[in-house]
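For the protein sequence lines, the chains are H and W, in the order given.
The numbering used here numbers the first residue of the first sequence as 50 and each following residue consecutively.
The numbering used here numbers the first residue of the second sequence as 2 and each following residue consecutively.
Each hint should be verified, as a subset may be incorrect.
As the list claims (entries may be wrong) - Partner residues are not named here, just some residues of chain W that face chain H (Cβ under 10 Å, in silico):
| # | residue |
| --- | --- |
| 1 | 28 |
| 2 | 106 |
| 3 | 299 |
| 4 | 300 |
| 5 | 309 |
Bear in mind the hints are in silico, worked out from the structure with no lab data behind them.
Idealized CB from N, CA, C, for every residue including glycine.
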Amino acid sequence: MNTRIPSSRPQRGLKWSRLVPLLLLSGAVAPLVPQAAFAQVAGAHTVTGKITAENGEGIPGVTVVVKGTTTGATTDVNGNYSIRVPNDNSVLVITSIGYTRQELPVGTRTTISQGLVPESQALNEVKVIGYGTQRAEAVTGSVASIGGDALREVPSANISQALQGRLPGVQFAQTSSQPGASTQIRIRGTRSLTASNDPLVVLDGIPFPGSIGDINPNDIQSVDILKDASATAIYGSRGANGVVLITTKGGKKGQKPQVTYSGFVGAKTLFAKYPMMSGPEFVALRKAANQYTNSLDEADDVNTDWQDLLYRTGIQSNHNVGLNGGTENGRYNFNAGYYKEQGVVPTQQYTRFSIRGTLDQAVGKYVRLGFTTNNTYSLSEGSNVGVYGALTSSPIANPYNADGTLKRTIRMPLDEQWVTTKDVIEANQDRWLSQTRSLASYNAIFGEFKMPGVEGLKYRLNLGVNYRQSQGGGYTGQGINAVNPTTPSSASVSNAVTTDYTVENILSYDRTFGEKHNVNAIALYSASSNIYNQSRIAARDIPSDAFQFYNLGLAAGEITVNPNDQQYQKFGLLSYMGRVMYSYDDRYLLSATFRSDGSSRLAEGHKWNTYPAVSIGWNVAKEGFMQGVGAVSMLKLRAGYGVTSNQAINPYATLGRLTTRPYNFGPTNYQTGLFVSELPNPNLGWEYSRTWNYGVDFAVLKNRLSGTVEYYVTNTKDILLGLPLPPTSGVSSYTANIGSTQNSGIELSLNGTILDNLNGWTWEAGFNVYANRNKIVSLAGEQQRDEGNWWFVGKPINVVYDYEKIGLWQQGDPYLNVLEPGGNVGMIKVKYDGTYNSDGTPTRAIGTQDRQILDVNPNFLGGLNTRVAYKGFDLSVVGAFQNGGLLNSTLYGSSGYLNLLNGRRGNVKADYWTPDNTGAKYPKPGGATSGDNPKYGSTLGYFDASYLKVRTISLGYNFDSNAWLKNVGVSRLRLYVTAQNPFVFFSPYKKESGMDPETNSFGDENAAVTTSYPRRILTLGTNAPATRAYLAGLDLTF
Amino acid sequence: MKRFKIQFLVGTAVVSLAAAGCTDLLKEQPRSIYDPGFFQTERGVNGGLTSMYAHLRYIYGNAYFYNTTLTGTDEVTYGRDADENFLAMDFSGRAALNANNSRADALWGAAFPNINTASGIIKNASAVGTISAALVAEARFFRAFDYFMLVQTFGGVPLDLGSGELEFNTNPIRTSARNTVPEVYTKAIFPDLLQAITDLPANPRVVGGATKTLARLYLAKAYLTYAWWLENPNNIPTYPAAPRTDPAGRTAQYYYQQAYDVATAGIDSPGPFRLQGTYYDVNLATNDRNNEMLMFADHTETSELYNAGSLTFGSGASPDNFAGWMLTWNYTNIRSTTAANGNTQVSSVQREAVQALGRPWTRMAPTIGVIENTFADKTNDSRYDGTFTTTYRGNWPKGGVAAQTLYNANSLPVVPGNAILTFLDAEPTDAITYPTGAGTSNIGAGVLPGRADYVIAPRGISRIVYPGLWKLGPYRTDNGSGLGQPNAASTRPFNIAKFSELYFVAAEAAVKGATTKSGQSAKDLLNVIRARAGKWRFDNNGNVAKSQDNSAAMVAATPATIDINYILAERSREYYGEGYRWYDLVRTQKWNELASTYRIGGNNYGDHTPTTVTRTIQPYHYLRPIPQLQLDRLDVSADIKATYQNPGY
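Isolated chain W (complex conformation) (with noise of 0.2 Å):
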């Protein structure tokens, strides 16, 4: 017995001693994640493919980065809860914009990873030897893509990451070095969307995937800015230091007529992509994902995990798109009564997830010159339409009030569906009464005799009451009868490049000088986007079928010779709100010129008298500045640190 046991130990230890002896104990395998090897495979590639559309939604569609392309521009100020993001954006005294409070930080820190990405997958396709040319090309846009958008916004960025230049980075380094502007342009953007253009398929390989149209736009578009960075009318400075001169010796005049040529190339040979009939159409919810629609980060409604975003209540944060919220004001806070001139008051105007409401933050307002100026034809021209909320209807029943009548402006009766609120298009002939304060509306709105909703004139709205955005907003098809979820981000895509684009692309070059095809001078273009914006289809604010073709008035307008300031206008009425107006405005280097005063009233319910705003807009603000992560995470002395960020932050 004894003997047996101690056999048993003996033996027990042994046993245990070789298998622990094994020294597979130490060796790793993981099983839930990837390691970087699977990226050499064919599949790790697609994924890098899938991953690159998969960051746009951390530029496109994430508020901050929204408001640094609009706020300070001709078509946008902060709004009342406007934060110091906003306010120093706006440059017009509130705070000053600085490498902490710029939200540019968005483009910056979603880019490079990217641009790594699209080197590795660059690398590793041939090597892997079964990705086709069309795949790769895919990356070389989006390496280019990124970059442009980079070169736009801070100047010359590096296009070493560490491995060399345009490698896929292996190598940890916390040091940067930036290179200029042209040699960003020259080495990196326009060698990959040429062999991108070549490529790239005409149809895309999925829904919003790259194709040939989406980078001859980017390369058209890339052309310019670099003709107008080489040309720098207003002598608006570059860094790091420069001379405007091209590495290849090429003027600017050479590239204007480049994004000519290659834009109306892109118009003659649109592949599956056109126009679409009326304005309205192109931004309706409905209508997502159009044959206009070059580029957009997709969301989903059906999917919280591909969503990659709560589809019932939005923190406010990449990946979401939750950029409509910023010109969304409270329009819940509009009351009725139960009785005519009763005491009851209810929020006639819920807050629901369809496009002419959705979530307000009232971070961001319209200027009166946007809805004066820059929209001053609301009749012919559909675009002020298709763009704005300018009537709130009442949807209480959605929201659990039972009542069918509710008594409203002047205590008339209004139903559910009827307009309680309306921004007028213009200065009514006779005054409207505003109340002091909030008044009766809540919301300090006016009234005009024997009309049942509040109103508003042009030149009285303010930073807490304005049109909304109606192109951004929400659009759900599980609401059901009720409210739906307005306080999830959007499930629709953020629309980046659109079809119509190339034609001001290529009108902006010809007004530049580019020699023009025939039937395709700067005018002839402008009026094809001009005539479709006369079709109508449906009145949005009026909320009824409207079928008229004021295309004839449109074209008629459209002044003999077209020069920079007016492609500048007629891009904003196209493009308001959509992100694109500081680029613009940078780009052609009117951003003092065009924005430098705006007007607008006040912070509280009831004030309607307009300010004249100025803005105080420096040369060197027109290069935002580095982020502040990139400087902390930099290991370098602090007068390398501080020659890394762009002069005057």
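The shape of chain H in the complex, shown without the other chains (with noise of 0.2 Å):
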């Protein structure tokens, strides 16, 4: 839609569609080619031809221009066109996206087919920028984009999970491994401190206040990702930690219906068990530890591998049949999706049903309606079932009775645990369960009316209307999941509903004057509004199991309605926005932006806030003297200045809050009392970030080799905290502007074609890596160190305050009996900072001052991408890779409870201190602890977290010309064979472990202890195990 068409007259630049929000765009577009008149001239006569592509189909929407003229038309569905040249001399134009433009000498001839060669993607792409899309190349901000074929490289269940890798700057970190979850989003590092740091997500021009799993990744048609404050100005203050614009598949204009299939199915697997101890390496340790006796259950002579009793192998599918087309005036693209993935822990599984519609319809000359519509269906299972249970239970007790059948518990010599086998879980389906069913539906819907008489002038009004529900239900049957077989049965239903919508009036305006300014202007006034309610009602003692959670009314036991779990938040954004964007002969670039948003979050007098963007852009290479410089096809330098605000924080923040507390008095009178424990801040602002970003994009070597190189530093100021209080001020927190923080980063992404069809052979790559600093620049007032929050200024937001381990104690080491009071030979030694006596004995004991500050973020990271094609054969990899940072496992930390070390339970694989292995990792079975665990346990659990992952390798064929797929109606089939995950290198995590680096929970998650960490700090815990997966695939088009 942004092609050119040379014009001599200012009214022919009509490029409405630039403006023309998400839902218009898709890859070939044309403009609107005025009918034009023209006179009879000398040689004048009609030339009619078909436009093709590579595969020779006819490509519609092409448009052919008589150059110098503004005389055109435009290919019908076939690639057909006519057009009637004014005389022999004419010179034909023939441009479409995607395509590189063609001018073909006239002469007499009156019949001119082309075939038409694909443009290198860095030139001609488009990206969508917030309220409009431009070409790359007169892009000034800061974007990411990746197109839905090359997301759907990697087959998952959402773009989270897909992207990772594959944009730099962008960093996806994973909270949880079961089938279906999400992960986390970072663009450019972390921000702010309480406030929300994850990104605006914007489907199809409206901000998305769902799920990311409830959008299905084939109906993806690009994804850009907004980076800078120049880019992300026009979202306001949602945008300030990002945005990621998703765009799904629309029709094409003059396209024949169209039928599409593509699916996948394949089977899940364990990457690797977690590494517990087998049988008679935990008799050694507990030998070692001298502290428990084999319980009645237990014997040196057993080997249980409990995970080789828990785990299947999971099946996950997928399967998507669309139908899209258009006609002269309208587009329409629907398609219904089926997912559904099994994870390798019985019962847990994600299923997703989506069905999506798009239709975009010309009323008139002025009016254009259209609406898109992503409707969600799904089901997640099974999250009651952990391995935790299977990971602590002794490999040396033995799971069977006598005569072979299954106990229900074993002990140990202090604990005993329910036994949790696949036969344990299936057999009881029906008694133990936890299901979530999600609605959503998320609608948009425009209406364009281009202001007849004002030429470029626009209005339109788009209406966001999103709807999502989450329905939580869970049932355990008596003595499920408990020592004792009456524990009474539970149960609870939980129901969450947001409804949200946004509604916008855009007024666009885009001109061209004298061949050479192009203006392009917008205003925007926008309201939103958010509500979300959530309640959840739990009971004890369900009389049957077939009542599961269906009716809680009919419980024996209490009914409990937690105040604590129901929840009502309702937010609003009041929004003005303006947007000017002025390009000088395509060679000298400015975008400008301000918005005023206004946010029901923040305290009274201080819900409004200003706030403007300016970047600019010089297209080195369209400068004459760059002309000589064959080897550069393109040079854009750029750099932008912005600011954005934040507000993300809970409603009601300013206001405190009072906490409650239930309580008896006696056994049967319950009240519930309420103390303070938040204090209202009427003063409550915005957060600001100011942000530099600065940019080269090239294409070098006849676009053989493109990238960009960016630096930007982002200082932010007035960090929303919530900051706890010490407890002597009675109250345990606020919610404040205080602090700031700064991140700077560099990025480098390239893209090369290596082998450019060369006897058959094309191989592209794609690499991109990125680094970033974060640190704290000021905490609230003259404040160095919160030492209770972890935040330190000079350092990152995310740190792990501990003690550093530097070894073990050994025999004959001096001052242990200083440093270590009561300590022992054995034990883990950590860093002393304090000082010495003249004698040099160290001045005190080991204390909560020698803990040092453990920076957790990467060095840098990145990835890489590379297809190799030959014929009708494709084989694509996809990797990731990370270097340094600090990967928190709290398998073998203290929080795990799995490292104890003393044989009391199952204890992960551990090289341990002997008097005759002095040379270990871990510590002394047995000797000084700190609660349960090891002293200084919580340091066993740091590991560094570099990796290089292979994350897909795909092998596909493309049966391109098949004439008798032809005949039976098929234009196109790819079968593909996928491995998901298949390698990893370079982490020493893997290397000690066997496991695969990436974190797979949240701080307070999937570990026995959830307080030692906060939530912040990723961690790898007990949730599923990571898996690999095999997987054939088929995309099918009729």
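Need the complex rebuilt from these two chains, each delivered in its own frame; the hints are there to steer you.
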């Protein structure tokens, strides 16, 4: 749609489509071509022909213009055109998005058919920039884009998994390994301490209030990520953490109706078991610790692998059927999808049904109407089943009775564990379940009106209406997952509803003056509101298993409506926005934005905020002096500065809060107490970020190599912080604007065509690498350290504040008794920061002041992808890597309770210290403890987080020119096989544990003790184990 | 048609502009949470009152705080499975106490928000206008109670939380300045309690509610403690530094007298409170919330929500009442066999939710001195029997073991309900045959000829096997015929204050020179307690009714002259394992004298040789360290932070 028609008359430069929001975007939409009359000239004649693609098919919607005139035509659905040329000297200019522009002298020919050559992506790529699209060439902000097909190279439940490692500056971190789970997205680091650091997701132009898993990756046309302030500015405060623009597929104008099918099916297997000790290893540990004797269920000659008894192979499948097409005035695209993913933990699975439709219809000359609707029903099951029970079970405990039946529980020296095996779980599926059913509907409707008489002026109304309901239900039958067989059954139901709307009124103006001055201006007024309402009821002692959670009213025991489980949150946002983009001759580019937001979440008198952003670009390659430099096809320099702001705290944070405290006076007089836990802050205002962004885009060697380098600095101040107060203040916290942070970083992405159809071989490769440096610049007041929150000036936001293990205490090491009163040889030795007496003895014992600041952030991250094609075959590999950073594995650390090193229960495989094995990494069993764990045991969980991971390998074959298939109406058929998560290299953690080094939990989840780490410090805990999948798939177009 | 569409579009735009333009969109109205304004309503004030009772659960019943009140005293040392929190409290060299491992933080963390709530109630009540003085007095009581606990534990603490001394704090400050000990007593504790005594009702408003009697006990105790502080007989340091003089110029003697007067007033006007008939009844679970109890942190087994903790599996954290797990050793390791001299072992005493058993954590253990000296008289005095589980009885059928008869010590048969293991009251005349290591009992217990139960003598107890604490054992009514829910935290109330303590406070004040009233000398007062201790109605460990009155013998054995050490010993007999001891020893400055050595066996089964352990208790240990969390959250320079901490830590 951004194809330019050379035109001598400004009014022909009607590039209204630049302004059309996302849902109008599709690959090959032709501009409106004025039907100009022309005079008869000598030599004038009509030329007809067919414009075809590489495969010989006609391309609809191609623009054919007589050079130097306004005479033009558009190809029909079959690629045919007809145009009247004024004379024999005429030259036809043929342009189409995605293809190299062609100029063909006409001469006296009356038939000119031409095949078009696809153009390198780098030049004609269209980027969605928010309230419009822009050719990559004209973009001045920082926008990273990926197409839907590239995205689908990594088959997954949702795009956040598929995008990992694909785009520089965008970090995707896994927060759960369960089927259907999504990941945490961080664009250029974390800025805020308490407010949300999540980016804004915009689906088809409307801010998306739902779960990213509700979007079927198969429906996606493109994902564009706005990274710097000048790019995000038009989304205002909601875009402070970057914006992820997701555009779903539309129909194509003039496209014959076509039916597509794509799908895959495969097996999901374990990547690696959690590395637990075997029976003999455990026997040795228990002996070394000398603390526990075998229980009645244990014997030294038993070797039970509880994980073997638990896991299964899951099935992953995905099916999509679509219909799309278009006429002269309208386009449509409908798709139905089904996705199912089973985990390796029995009963864990995720099922999603999605239906999507989009329609865009012109009505008369001035009006366009359309809508997009995305509807999803999903079912998540099995979160009740965890792996911790299996891991903690003693490997020398025999799960079977003498008669071969499974025991209900096994006893260990201190603990008794309900036996969790695949058979037990499957036998009890109807008595032990947890499920969440979600129904989501995301809808965008627009109406557009071209102002007659004012060239380039348009009014558009966008209305986004979204609804998401999530219904949870869980039931645990009597004695299930309990030591005591008479533990009453329990059940719960929950319901969460999000209703959300956005109204946008957009006035846009787009004109080119004097051929070279292009002005694009937009003004917007929008209002949005979101209501979230959650309720939950729990009950005990359900009389019949058959009821499960479907009638809690029948409970014989207590029915609980816990006030903390009931939630209502409403927020609103009003915005005014204006943006002007100006370009001169495509050489000099300028974009200026201002936006004013009013947020309900902030205090009265501090609700409104206005902020600007400016960016400029210079297409150096278009300068005359560059024309001789043939090697450079594109070179653009750009710089941007902008302010964004963040208000993403919870609603009502300015008001303070009373927390409830239930109590009973005597056995049955129940009362609910309340006390002030948060103080109000009538001055709570906006958090600001100021970002400088510098970028260079280039393409050299005839576009064979293209890339982008960017550098940015973001300074964030007045940070919104839920500030914990010292207990002596009598109140636990309040929310304030305190402190400042800085993120700076560098990003590089390269895409190259190494072999370009050399003897049939094509080899393409992409690579990106980025590094972000994050630091806290200031905290509240003069404070340099906030040890309670692990925040330190000059250090990154995400650090672990803990002791630093420097080895183990060995026989004869000096000052053990001084530094570690009550300590023992073989215990963990940590760094001592204190002073020494003149005789060299330390002045004190090791204490809390010796804790160190351990940075968890990687040095750099990135990804690579490559594709080799030969004839119909193609092989693609997608990988991701990380260098440095701290991986916190609670499996090895204290909070997991799986490395107690005392033989009390199942223990992770650990090379521990004994008098004969003093070079071990892990401390002496049964030595000094803190809690139940080895003293400083948390330090055992810290690993170097580096890795290089091959995320997928796919081998496919395209039956592109198979005559038989053509005869039965198949225009495209592709078969492929994919291995997902096949390899991990260079990971110290994998080297030791055999496991996938990706995090799988928030810091406060999936560990025995969930209070050791703040939620923001992602960990590798006892969630569902990492998997590897083998899939076979097929894409088909009729 | 076209015209219509345009009009429609423009119309819609205008309507949507108008609708969205409504600034109501930016107004906030919470609908699922209380904002602080609600605290200024009558119902808000009532909610504040309830939360003050609920705050007790975050202190009492929390096993780690419980540990700080006992471990390291002459009552308790650490058990085999102790972690650093317990080892550090023992001062016997296994770990050094510091701001991070001292678990007195439970008190610090719970008290200040509650003090603020109390100040808020006091302030808002007058604004609301419909709140009775009696309700405000409950707030005053709790504010004084928290300050009293804090000042005993940490020394001087701040009276100004941010909005002025004893004012409701609405100012989010991150600094803090500590007041001195005499300021805390004379500005906060005494005035609040005096007002509370005036305004509180004689009969509690709710079960466990604050009363005049309760306020009298705490005022008397506060006077007594402050008097000791002024007197400072062993020159124990205070912090922040303050001269040992009363701001009003009153002497220690004056306060001893006040303590005596207030305590005896409490005894003389008891309201609904009485001593129970027997000591057994005081702590008997079926008799919980009896009329000897002035205050407790309540729990319930009928509501998980209001119990605020799981009814099936406790995680070992507040607000659960899990203190009782600490002095419970792992009796489930006891083995009997299914045949005489057979190899098939059975756990004959299984984990059960009954008062004698419960969930074992083996974190704390009684010393041999407790068994032999504190409870020297186990015959007349019913309190040893009413404190410990010394007989472990077979309960295997409830755990699903079908055998009717098992074979135990000496391969003799036992049936359910029989003693499987007995801790003897005294060293037997015939020597016990102990095994090497765990032996056939699997826990290293010995045998005596002819006895089917395994036995352990008082001097044979160790950090891993010792009499359990019966007082705090769990009790449930929903066990049915099974073992119940022994892994849940106790659903019993944790008792905090008892009517009986008025006698001790008055007696202690009398010993310290208070002028006594007729019939209420120190000896008279203690004899009331001792006489009751001589009364039996049930032999707890014998599991048989026992109607016996040894009051006369008990009174006869009372020494003619009562001194502080005798009062402390008597207090230990009465309140063993209930969380009083460290405060008693610190108040009287007798900690070092009475607790600097103790005897106990080692960590392993079969270890029956007592060792004498020495503790190093320094004068600065008489104050606990200020918790790390407080220091971490203070926004002050490092040197100011250092001066905020108590010296020595």
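Subject >> Hints violated by the structure (numbers, ascending) >> reply: Violated hints: none; all satisfied.
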